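Undergrad: Sequence:
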Amino acid sequence: MASKLEELLTEASNYIKSTSPSQLDTKPSPEKWSKKEILGHLIDSAINNLQRFTEIQYSTKPYQVRPYEQDMLVKANNYQNADINELLNVWLALNTRIKEIITHQTEVTLNYSLLLPNGEENDLRFLIDDYVVHMAHHLKQIMA
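Add 66 to a position in the sequence shown, counting from 1, and you land on the number used in my numbering.
These aren't lab readings, by the way, just hints derived from the structure by calculation. All figures in this text were calculated on a predicted structure; none of them were measured in a lab. No residue lacks a Cβ here, since even glycine has one placed at the ideal position from N, Cα and C. Hints may be right or wrong, so weigh each one.
[As the list claims (entries may be wrong)] Straight-line Cα separation of at most 25 Å, DSS-like style, residue types lysine-lysine; simulated pairs:
1. K98 to K206
2. K93 to K83
3. K83 to K98
4. K206 to K70
5. K141 to K93
6. K127 to K165
7. K93 to K206
8. K206 to K83
9. K83 to K141
10. K165 to K206
11. K98 to K141
12. K206 to K141
13. K70 to K83
14. K70 to K165
15. K165 to K83
[Unchecked claim] Just the calculated beta-carbon pair ranges, DEER-fashion:
16. N155 to F192: 28 to 34 Å
17. A68 to K127: 20 to 26 Å
18. T120 to A142: 20 to 26 Å
19. E173 to A210: 34 to 40 Å
20. V174 to N151: 35 to 41 Å
21. T126 to A159: 16 to 22 Å
Whenever a hint applies, use it, and build me the whole structure from the sequences.
TA: This is the structure we're talking about:
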């Protein structure tokens, strides 16, 4: 998954750097996120998952995955009015760290058990895979 993550980071970074600010700022409707806000959401996702991927290493198992309020975080962070270069740099830095953490997992750590907010039991491997799939989904929205 680390190599897939690296591919996504490179592809998205190149796209964002070559896209006009007006395209990134445009909201499809008042209640929908702009491409810039989607990137902000991916920052929030990275922050929360970096914490999860780290805490599960030393926490009592099963690790309890805490949910986060994605809409409230996007609004509270005012991503719509943030500088796109700052957002891109933060997102890339967080994911560089996440990529390192993923790279250093073993079969033992990938099997660490966790409880999702919906009560479903799973493992760290699922959480990592889900993170990358979630990112790919939102990057398709950004690059559409």
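Undergrad: Which of the listed hints are not met by the structure?
TA: Of the numbered hints, just 21 does not hold.
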